[in-house]
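Q: Using the sequences and the hints given, assemble the complete structure.
Chains as they are written, first to last, in our numbering: chain U, 1 to 313; chain Y, 1 to 313.
No lab work stands behind these hints, which were simulated from the structure alone. Using N, Cα and C, we set each Cβ at its ideal position, and we do this for glycine too. Warning: the hint list may mix true and false statements.
[Stated by the list, open to error] Straight-line alpha carbon distances no greater than 25 angstroms define the calculated DSS-like cross-link-like pairs of lysine-lysine that follow:
#1 U/Lys188 <-> Y/Lys79
#2 Y/Lys151 <-> U/Lys151
#3 U/Lys306 <-> U/Lys204
#4 U/Lys151 <-> Y/Lys188
#5 Y/Lys312 <-> Y/Lys151
#6 U/Lys174 <-> U/Lys133
#7 U/Lys308 <-> U/Lys174
#8 U/Lys188 <-> Y/Lys117
#9 U/Lys92 <-> U/Lys117
#10 Y/Lys74 <-> U/Lys188
#11 U/Lys306 <-> U/Lys151
#12 U/Lys133 <-> U/Lys252
#13 U/Lys306 <-> U/Lys201
#14 Y/Lys151 <-> Y/Lys201
#15 U/Lys201 <-> U/Lys310
#16 U/Lys252 <-> Y/Lys133
#17 U/Lys308 <-> U/Lys92
#18 U/Lys117 <-> Y/Lys188
#19 U/Lys93 <-> U/Lys117
#20 U/Lys79 <-> Y/Lys188
#21 Y/Lys188 <-> Y/Lys151
#22 Y/Lys252 <-> U/Lys133
#23 Y/Lys2 <-> Y/Lys300
#24 U/Lys252 <-> Y/Lys252
#25 U/Lys221 <-> U/Lys188
#26 Y/Lys92 <-> Y/Lys310
#27 Y/Lys188 <-> U/Lys74
#28 U/Lys188 <-> Y/Lys151
#29 U/Lys74 <-> U/Lys117
[Unchecked claim] Under 8 angstroms between C-beta atoms, here's a sample of chain Y residues computed to sit facing chain U:
#30 Gly189
#31 Leu236
#32 Met245
#33 Ile251
[What the hints assert, rightly or not] Covered by chain Y, according to a simulated footprint, are these stretches of chain U (three or more residues, beta-carbon under 8 angstroms):
#34 141-151
#35 209-219
#36 237-250
Protein chains: 2
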Amino acid sequence: VKIALDAMGGDFAPDSTVQGAGLAAEELPEGVSLVLIGQEKIIRDKLNEYNIDNSKIEIFHADEVIGMGEHPTKALSQKPNASIPIGYGLLKKGLVQGFSSAGNTGAMHVGAMFSIKSIEGVIRPGIAGIVPKESGGFGVIMDVGANADCKPDVLFQFAEIASLYAENVFGIDKPRVGLMNLGEEEQKGTLLTQAAFQLLKLSKSLNFIGNIEGRDVFNDKADVIICDGFTGNVILKMAESMFDMLQSRQIKDPYFDQFNYESVGGSPILGVNGNVVIGHGVSSPEAIKNMVLMSHKIAKSGLHLKIKEKFKE
Amino acid sequence: VKIALDAMGGDFAPDSTVQGAGLAAEELPEGVSLVLIGQEKIIRDKLNEYNIDNSKIEIFHADEVIGMGEHPTKALSQKPNASIPIGYGLLKKGLVQGFSSAGNTGAMHVGAMFSIKSIEGVIRPGIAGIVPKESGGFGVIMDVGANADCKPDVLFQFAEIASLYAENVFGIDKPRVGLMNLGEEEQKGTLLTQAAFQLLKLSKSLNFIGNIEGRDVFNDKADVIICDGFTGNVILKMAESMFDMLQSRQIKDPYFDQFNYESVGGSPILGVNGNVVIGHGVSSPEAIKNMVLMSHKIAKSGLHLKIKEKFKE
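A: Written as structure tokens, this is what we have:
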């Protein structure tokens, strides 16, 4: 098994990516190797500088780099030899079983759509986030930013996809699906959530528990939270800011430590033909490590194949 | 000046409302009296039971009560002598300068629209919430639940109304208006936020600072946060749940204590011809007290008249 990492992606690349790769390599099981994609000489120098054991690390050269601020579609067409398109090329050919990057999120998203493409039947792939639960364990929230405006059938598919993610990657049996809303009653909400509620209610395969509210993000009501990418993005960033506020007020607490983006590492793009994880631009080595480990965990679960199977039905 | 309180509204009424009224009466300045609306005998008994000094308290009898779970429009037409419609009657006639209730939110909202009505020119009145700022002081967020689906011109008006609220009630000079979005760049967001951005950008009277994100709710970027009622509701409930989680983990912190709904007390309906504040169903005496004090503060500022003036332009 080979997991690829964009060594040039992120505000602090290549230092944080190479250091993070070193940390991840120590934790990856025997037989799994890590492919660093980027400018070979730079990566090699950094591996030496940080004195990293490279027995599990390979380098795949990519001549160019897509900057954090570049326009995704333009950059992808003008720089076919940048680390992101090269990574997708390897993933598409099956030479690696996962690809992750803390680089240009737009380019990662557009790149996925143009190279490995959406799974047939999936209207809109989305990005899944993780929320730590007060009662222990984690919940899944989807979408957290890929699709600002959604249609009801798209939310319905998010429920199917995120349920498979919760089941196969987090081992949650029959995950309880909650629809994020402004009240619990069936008739509450926007035109979108009202319509999505009706679709979800009719599903026989989903474990739909109804509407949940902002106060339920961290409690044990639902394992899977469904919302449009606008709402999910606001929720996730607000949760991260809670961690930062606690930190700056010097409040230490093991539960709230899990709100740290570093401990999660990244968020997968789900609904595409491959295992793709995107990370925060500001990713530290610890965050990069956890992004790579998540990518490996998802690869091991064969999640995208399970989603594909589901949408064949 | 007379401030009215629905003595029958809320999960713990009339105990919490009467006790809260007693606490509020102690803090209201000379010359301001509190009008308790509800079943006179019950209120009188509770005033005695809790040994409350009623020198500043009047009772206005209302025969009926609208329950927390009743259908707003139906209940209002079937129970014209309930405390909520009676309260609106007093407000409309100018016999009281403010009316607040922790009772049926829907009935309070519909009641406002049918009795005192929207200010001419205001497309949709909304509910304004308060967020404590890390740097001290408070910010305003609107809408927090009255309008799940919004049009761009409605968001624009929220910016105008909430700015007047921040200015006149919280004394914030030229309040900075931020549009809640999933990214900072102008072109980011939903069709709604993209269109609202263009309207806000063109305004000469607003101090529009652009898009803000979920991480900016509590920081010092914006004094006024504009969003649809769906998003605002999720944000507010999530913030409240943070307080509850810290409480249950026994973390005490003066900043986070302000996340307690009790210390805020209530949220005004803005854009209607009168001063209306609605409270949480679960309101404690402390919450009721703060709701009444907020109602008095708003009455003193003459906010709804200033909004009316603005929309005459």
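Q: Please go over all the hints and tell whether each is borne out by the structure.
A: Hint check results:
1. U/Lys188 <-> Y/Lys79: holds, 24 angstroms
2. Y/Lys151 <-> U/Lys151: holds, 17 angstroms
3. U/Lys306 <-> U/Lys204: holds, 18 angstroms
4. U/Lys151 <-> Y/Lys188: holds, 18 angstroms
5. Y/Lys312 <-> Y/Lys151: With a Cα-Cα distance of about 21 angstroms, the restraint between Y/Lys312 and Y/Lys151 holds, given a limit of 25 angstroms.
6. U/Lys174 <-> U/Lys133: holds, 17 angstroms
7. U/Lys308 <-> U/Lys174: Answer holds: U/Lys308 to U/Lys174 is near 19 angstroms, not above 25 angstroms.
8. U/Lys188 <-> Y/Lys117: Holds - the C-alpha atoms of Y/Lys117 and U/Lys188 are around 23 angstroms apart, at most 25 angstroms.
9. U/Lys92 <-> U/Lys117: Between U/Lys92 and U/Lys117 the Cα gap is close to 9 angstroms, so the pair holds against 25 angstroms.
10. Y/Lys74 <-> U/Lys188: Satisfied, since the Cα-Cα distance of roughly 17 angstroms is no more than 25 angstroms.
11. U/Lys306 <-> U/Lys151: Measuring from Cα to Cα gives roughly 24 angstroms; hence the hint holds.
12. U/Lys133 <-> U/Lys252: holds, 17 angstroms
13. U/Lys306 <-> U/Lys201: holds, 23 angstroms
14. Y/Lys151 <-> Y/Lys201: Holds - the C-alpha atoms of Y/Lys201 and Y/Lys151 are around 16 angstroms apart, at most 25 angstroms.
15. U/Lys201 <-> U/Lys310: Holds, at about 19 angstroms.
16. U/Lys252 <-> Y/Lys133: Answer holds: U/Lys252 to Y/Lys133 is near 20 angstroms, not above 25 angstroms.
17. U/Lys308 <-> U/Lys92: Holds - the C-alpha atoms of U/Lys92 and U/Lys308 are around 15 angstroms apart, at most 25 angstroms.
18. U/Lys117 <-> Y/Lys188: holds, 23 angstroms
19. U/Lys93 <-> U/Lys117: holds, 13 angstroms
20. U/Lys79 <-> Y/Lys188: Since the Cα atoms of U/Lys79 and Y/Lys188 sit roughly 24 angstroms apart, the hinted pair holds (cutoff 25 angstroms).
21. Y/Lys188 <-> Y/Lys151: Satisfied, since the Cα-Cα distance of roughly 17 angstroms is no more than 25 angstroms.
22. Y/Lys252 <-> U/Lys133: It holds: about 20 angstroms lies between the C-alpha atoms, which stays within 25 angstroms.
23. Y/Lys2 <-> Y/Lys300: Holds, at about 11 angstroms.
24. U/Lys252 <-> Y/Lys252: holds, 12 angstroms
25. U/Lys221 <-> U/Lys188: holds, 18 angstroms
26. Y/Lys92 <-> Y/Lys310: Roughly 21 angstroms separates the two Cα atoms, so the pair holds.
27. Y/Lys188 <-> U/Lys74: At roughly 17 angstroms apart (the allowed maximum being 25 angstroms), U/Lys74 and Y/Lys188 satisfy the hint.
28. U/Lys188 <-> Y/Lys151: Answer holds: U/Lys188 to Y/Lys151 is near 18 angstroms, not above 25 angstroms.
29. U/Lys74 <-> U/Lys117: holds, 18 angstroms
30. Gly189: With a minimum Cβ separation of about 6 angstroms from chain U (threshold 8 angstroms), the hint on Y/Gly189 holds.
31. Leu236: holds, 7 angstroms
32. Met245: holds, 6 angstroms
33. Ile251: holds, 6 angstroms
34. 141-151: Held - the region 141-151 of chain U has 3 residues with a Cβ nearer than 8 angstroms to chain Y, which meets the minimum of three.
35. 209-219: n = 7 at 8 angstroms, threshold three: holds.
36. 237-250: holds (count 10)
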